[in-house]
Amino acid sequence: MSTLTATRIAQRPLRRGGFLSHTGFITGRWLRAQYRSPALIAFTLVQPAIWLLLFGQLFKGVVALPGFSDSSYIAFLTPGIVMMTALMTSGWSGTTFIDDMDRGVMDRMLTSPVRRGALMAGQLISNGTTTVIQTVLVFAIGFAAGARYDGGVLGYVVTIVASMLVGTAFGSLSNAVALLTRRQDALIGISQFVSLPLTFLSSIMLDLKLAPDWVGVAARFNPVDWAAITARQALSATPDWNSAARHGAYLLAFTLLVGYLSTRAFRTYQRSV
Amino acid sequence: MAPSPALEAAELVKTYPAGRKKPPLRALDGLTFTVPEGVVLGLLGPNGAGKSTTVKILTTLSRADSGTARVVGLDVVKQQEEVRHAIGYVPQKSSCDPMATGVENLVLSGRIYGLSRQESVRRAAELLERFDLTEAGGRQVRTYSGGMQRKLDVALGLVHRPRVLFLDEPTTGLDPEARADLWTEVERLSGTEGLTVLLTTHYLEEADRLAGQLAIVDHGKIVAEGTPEALKAELRGDSVHVELVEPDTEGIVRRLLAALPGIGEIVVEGNTLRARVDRGATAVPAVLGALEEKAIPVLAVTVSRPSLDDVYLQYTGRSFKSAEKNEERAA
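Protein chains in written order, with the numbering used here: chain A, 1 to 273; chain B, 1001 to 1331.
It is possible that part of the hints are untrue.
[Unchecked claim] If you want a taste of the chain A side facing chain B, the calculated C-beta under 8 Å gives, among others:
1) ARG29
2) ALA33
3) THR111
4) PHE139
5) LEU206
6) ASP207
7) GLN270
8) VAL273
I should point out that these hints are in silico values taken from the structure, not numbers from a laboratory.
Yeah, the Cβ is synthetic: ideal placement off N, Cα and C, and Gly gets one too.
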């Protein structure tokens, strides 16, 4: 019996799946789940639509204030709302991990040969596709409300990439918080607590020339603001590519850093189970 | 060279750090055991005894503070990757993705373990057939009953033909029918391809029925090991159960019985007293006589051969039921 088993094992050499193929499998799992409940994506658009249409009307006049660099408030607001939507939606990303932990799915995955990085990346890629869809839809709402851009296709592409980076960075932070707290209420609390200041200490709503100095200083360290700056520059008629590239690079570095740190959170989770 | 045992745990210690309002918990306290290949080992103990922690360490999910563990000769810390290929793990809570179908769950698992797409699909069909889930295979798992989900969980643990399968409390929360169904499945498993199964349970009946070998876990240690029959046979004598009309609040009955010859340890639980006796046939008349003399009303007196409950009592000094209650209160 034991020799039989030994031969069987010997004939099936260990095949170590690579990071890329595992990421593919995990991405497939989340995309499938996402497209089975498309209503969720639509639901997360309600808030940005209200922001755009309500604030777009309410603050129509601010562009007349001296110091405001854009000529149409809705055109100014739309890229900001794109980033805000990416931020807010991705804050929920970790709830998928909590669901997996509440069931035995996470524990089964972690005892399988699946790469930890693939568990993180797969979920984030699927989250990134949601961000792309939302970005396109927010632009559509903005366009309907009168926002026009001179930056051409490249401007839109840069904005979409920047929004994906915001979504990925804050999605992986959310996943990390999920792994560390293992509780839905804690995750939601922390994500609300973080996303509000990130939204308001930035140029999402207003040109920072109109804000107190300290807000401008805080915004300089705000990844969401980096994304908003990159997008506005790329969309404008005369982009300052230098500024766009610099802020985009900050954003990319931030995303990679938190992605790495979040993957490390699996270890902390495994220590506590 | 003798083949290495399927499972070896030596002096495992694991302490969970203190949390909010929780003192540090020593879950494992020098746990040691060995399981030969092809055996179904039952780890029996109340909630909180350390069964799940043991499984988590052996499956590479968690890590022991000290001690060593090997699965089919592979070290669970140094050869993590190889161990993961050799084992299947069915956690306590259902481990299938409710948003995916049965087939999708199985195929994903197959792909992760390195099976090709084709192989995975074939294996999925094979397992669904075996667990009688073929018809449900195309449906999302959230539409499955608890029993069906549990069967899919076990199937997920078998996709890559592991050499050791871990079943953590496989029937907890199932209705009696689904439980019986799963027992049949586990019995069939143990006969196949030299598969070794480690099963944790807090059901005495389940341990008695499924486990070829049994290890009783108490406070993070193995306190007894052997086949269920051998463990029971080690206990000499019989067990007498006296059911009273009113609870023995002042311990009168207890003292009365303790004074009789040939009576061993006595345990009181509500209206029931249980005593280990040398010979049931002579003890019963003596017990009845003594109770009648004091005019203590009795509902029933029964004699039985030692059960696993008695084995548990013998090794831990408390009955299984009371241990469960205590652990629940503590938790």
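message: To test your reading of the hints: which numbers does this structure violate?
response: 4, 5 and 6
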